[in-house]
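Novice: Mind docking chain B on chain A? Use the hints.
Each protein sequence line maps, in turn, to chains A and B.
The first sequence maps to residues 6 to 255 in this note's numbering.
The second sequence maps to residues 286 to 655 in this note's numbering.
Some hints here could point you the wrong way.
[Stated by the list, open to error] Only pairs whose alpha carbons sit at most 20 Å apart, straight line, appear in this in silico SDA-like list of lysine to any residue:
#1 A:Lys46 with B:Lys449
#2 B:Lys449 with B:Glu434
#3 A:Lys46 with A:Ala202
#4 A:Lys46 with B:Glu453
#5 B:Lys449 with A:Asp77
#6 B:Lys418 with B:Asp398
#7 B:Lys551 with B:Ser580
#8 B:Lys449 with B:Tyr467
#9 A:Lys7 with A:Thr253
#10 B:Lys551 with A:Ile142
#11 B:Lys418 with B:Leu433
#12 B:Lys449 with B:Val378
#13 A:Lys46 with B:Thr452
#14 B:Lys449 with B:Ile461
#15 B:Lys551 with A:Gly145
#16 B:Lys449 with A:Ile67
#17 B:Lys449 with B:Pro397
#18 A:Lys46 with B:Phe428
#19 A:Lys46 with B:Phe454
#20 A:Lys46 with B:Arg460
#21 A:Lys46 with B:Ile461
#22 A:Lys53 with B:Asp456
#23 A:Lys46 with B:Asp427
#24 A:Lys53 with B:Gly451
It is worth saying that the hints were derived from the structure and are not from the lab.
The residues making up each chain are set out below.
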Amino acid sequence: MKLLSDRFALITGASQGLGRELALAYASEDVRGLALVARGKEPWQKLKSEIDKIAPATNVVIIQADLGSITDIERVAAITLEACGGRLDILVNNASTLGPVPMPYLLDYPVDDFQQVLNVNLVAPFLLIQNLLAAMIDHGGSIINVSSDAGRVGYPGWGAYGISKFGLEGLSQTWAAELAETPVRVNWVDPGNMNTAMHRDAEPNEDPTAWADPAAVTDIFVFLASEAGRHVRGQRLEAQSNWRNAITKG
Amino acid sequence: MLLPPGLPSIKNIRKTVKPKSVNRTTAFHLPSELNADRPPERRGLARDRVRLLVLDRNTGQVTHTRFDRITEFLDPGDLLVFNSSRTLPATLVGTVRHLPWAVEVRLAELLPDGTWLGLLVPSPQKAENVVTKGLILEFAQDFRCEVLERDQRIPRLWKLRFSKSGTEFLDSVYRIGQPVRYRYLSAPWRLSYYQNVYALQPGAAEMPSAGRAFTWRLLLQLRSRGVESASITLHAGLSSYLDGELDRQHLAAEEEYWISEEAAAKIRGAKNSGRRIVGVGTTVVRALESIAAESGGEVRACHQYTQLRITADYRLQIVNGLLTGLHEPEASHLDLLAAFVPPPTIYATYSEAIQQRYLWHEFGDLNLIL
Numbered sequence: 006m007k008l009l010s011d012r013f014a015l016i017t018g019a020s021q022g023l024g025r026e027l028a029l030a031y032a033s034e035d036v037r038g039l040a041l042v043a044r045g046k047e048p049w050q051k052l053k054s055e056i057d058k059i060a061p062a063t064n065v066v067i068i069q070a071d072l073g074s075i076t077d078i079e080r081v082a083a084i085t086l087e088a089c090g091g092r093l094d095i096l097v098n099n100a101s102t103l104g105p106v107p108m109p110y111l112l113d114y115p116v117d118d119f120q121q122v123l124n125v126n127l128v129a130p131f132l133l134i135q136n137l138l139a140a141m142i143d144h145g146g147s148i149i150n151v152s153s154d155a156g157r158v159g160y161p162g163w164g165a166y167g168i169s170k171f172g173l174e175g176l177s178q179t180w181a182a183e184l185a186e187t188p189v190r191v192n193w194v195d196p197g198n199m200n201t202a203m204h205r206d207a208e209p210n211e212d213p214t215a216w217a218d219p220a221a222v223t224d225i226f227v228f229l230a231s232e233a234g235r236h237v238r239g240q241r242l243e244a245q246s247n248w249r250n251a252i253t254k255g
Numbered sequence: 286m287l288l289p290p291g292l293p294s295i296k297n298i299r300k301t302v303k304p305k306s307v308n309r310t311t312a313f314h315l316p317s318e319l320n321a322d323r324p325p326e327r328r329g330l331a332r333d334r335v336r337l338l339v340l341d342r343n344t345g346q347v348t349h350t351r352f353d354r355i356t357e358f359l360d361p362g363d364l365l366v367f368n369s370s371r372t373l374p375a376t377l378v379g380t381v382r383h384l385p386w387a388v389e390v391r392l393a394e395l396l397p398d399g400t401w402l403g404l405l406v407p408s409p410q411k412a413e414n415v416v417t418k419g420l421i422l423e424f425a426q427d428f429r430c431e432v433l434e435r436d437q438r439i440p441r442l443w444k445l446r447f448s449k450s451g452t453e454f455l456d457s458v459y460r461i462g463q464p465v466r467y468r469y470l471s472a473p474w475r476l477s478y479y480q481n482v483y484a485l486q487p488g489a490a491e492m493p494s495a496g497r498a499f500t501w502r503l504l505l506q507l508r509s510r511g512v513e514s515a516s517i518t519l520h521a522g523l524s525s526y527l528d529g530e531l532d533r534q535h536l537a538a539e540e541e542y543w544i545s546e547e548a549a550a551k552i553r554g555a556k557n558s559g560r561r562i563v564g565v566g567t568t569v570v571r572a573l574e575s576i577a578a579e580s581g582g583e584v585r586a587c588h589q590y591t592q593l594r595i596t597a598d599y600r601l602q603i604v605n606g607l608l609t610g611l612h613e614p615e616a617s618h619l620d621l622l623a624a625f626v627p628p629p630t631i632y633a634t635y636s637e638a639i640q641q642r643y644l645w646h647e648f649g650d651l652n653l654i655l
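Next up, chain A with everything else stripped away, as it sits in the complex (with noise of 0.2 Å):
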């Protein structure tokens, strides 16, 4: 018995850096099915064969969507709905995006791409959670949103990104307070500095080698997600910190 069996997990931004690691680290843990969201339609096919490998009794539903559009997150939970049979353990809100790149000051951030980003990182997983939580609130569930150091501190440059990543951190806390009394449990993960497509994007200055691998800081993810993480919930935790003692015993 693996850590996630008889667990059905939806992951965002699942075909490439954090999201594609958690899609592998939850197969290898046997979850029982993961719907898999994600914009475009190439570096699927590698990803499905290599979950089959791992996990061949998972199913898998690719689900190709625009989290900034309201009818795509409407499909992304009845395809969602649909495949774990109305009952759903882990919602990761994962994808975001940085908006145009290089990154404009706000001084200079056009209100049609501000918008879009706060659409994609802020009110997706908000839409998610409430189109979702249905299928988690009876049985209990693990809702983990993807945060930032940017959603903390307000760095000149990072737009639009950290403004929303600043938002996700209130919904998460709201959320966290408004399910309260329910089995379903919301944290929220800081995972550091990870050599992504993303980050090489939003600093391309910088040395990613000096960055984690995303495939490093799966661990958290797993533990929220499963069995072990029940008593974790309203907390922000630091993937890339000694965070085993940074939870808060409830």
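Specialist: For chain B alone, kept in the frame of chain A given last:
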């Protein structure tokens, strides 16, 4: 649509239940200004603050209140049974190659062989004879359907075979479909307005709207007061075939439903200990009474189709109370109410609701019969 895990497989579904004779319950005129033409949230009301008319089954006494005060009428131990079917964007517009017509398809029901029954509405309407067996309707580059044959019972419905099934079918329907909407609406409200907060698997042609006013806040409040809940799934069909004559006959559509072992156990538990079972919506009454009628008064886990018609002479075996919307003069739901209260009481109650300016339809006010 697909079978949820842990349920028995489909066996002997589509049993034919002979409709009972049509018994006109009431007749009334609904003034057009009492059509709720927008969701309460878009007329300045919280979702759970629509009006609630509470009707006492025994005395016929009527109480006017607000929906979020439903807590005052439910006791700890009462069991609310919800229909968790999620509304599909069931209206698809197809084109016919080389012809200047569009045909609107309203999905009504998924059949066990994977085909659908759908209402076909050609545009312009005079092009009605364009709909024939063998017609191909195209919705998107890789998504089309073939028109098979006309339905025997409800001649406005046709059997359709789509080019996709399962997840791919859902994906395409959600990409292009719109919710089924009626003329009294003030704007084409988007699909999310047609979902109950507790909705799960997609499959309803129209929203099971009796539960629309529930908010999570209210559901959690009821839970903490000890009011219990269970969910079943009945994929509601179309409420109108856009044909006055056909709608007046109110043929009971055939609808697919599931009851999980967990829900069946809760319902049996309430029944055996004499606690009240309140159906949220006529679909729930239909599902619970259907399975009870088939299994000697006992509710058990199942996945079946029902054609059961519930009218004044029907003796309810499971459900004690009903939360429902206000129904149109022709609606077959109105006949179903007569199984709870005598027709003259329904008539008096509806007259009062009209006098008190209650709002009708999916975005309107509600009626609790206890």
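Novice: Taking only the CA atoms, is the gap from A:Lys46 to B:Thr452 under or equal to 20 Å?
Specialist: 16 Å, holds
Novice: Hint check: B:Lys449 vs B:Val378, CA-CA at most 20 Å. Holds or violated?
Specialist: Roughly 16 Å separates the two Cα atoms, so the pair holds.
Novice: Could you grab the alpha-carbon distance between A:Lys7 and A:Thr253 and see if it respects the 20 Å cut-off?
Specialist: 25 Å, violated
Novice: Please verify whether B:Lys449 and B:Ile461 have alpha carbons no more than 20 Å apart.
Specialist: 14 Å, holds
Novice: Within 20 Å, alpha carbon to alpha carbon, are B:Lys418 and B:Asp398?
Specialist: Judged against 20 Å, a Cα distance of about 18 Å means the pair holds.
Novice: Take a quick look at whether B:Lys418 and B:Leu433 sit within 20 Å of each other, Cα to Cα.
Specialist: 5 Å, holds
Novice: Taken at face value, is the distance from the CA of B:Phe428 to the CA of A:Lys46 at most 20 Å?
Specialist: Judged against 20 Å, a Cα distance of about 18 Å means the pair holds.
Novice: Starting from A:Lys46, check that the Cα of B:Ile461 is at most 20 Å away, please.
Specialist: Given that 20 Å is the threshold and the Cα spacing comes to 19 Å, the pair holds.
Novice: Does A:Lys53 pair with B:Asp456 here, judged by a C-alpha cut-off of 20 Å?
Specialist: Holds, at roughly 18 Å.
Novice: Straight-line Cα separation of B:Lys449 and B:Glu434 no greater than 20 Å?
Specialist: 19 Å, holds
Novice: Between the alpha carbons of B:Lys449 and A:Asp77, is the straight-line distance 20 Å or under?
Specialist: Given that 20 Å is the threshold and the Cα spacing comes to 19 Å, the pair holds.
Novice: Are B:Lys551 and A:Ile142 close enough, with their CA atoms no more than 20 Å apart?
Specialist: Distance of about 17 Å is within 20 Å: holds.
Hints 8 and 9 from the earlier list are contradicted by this structure; the remaining hints agree with it.
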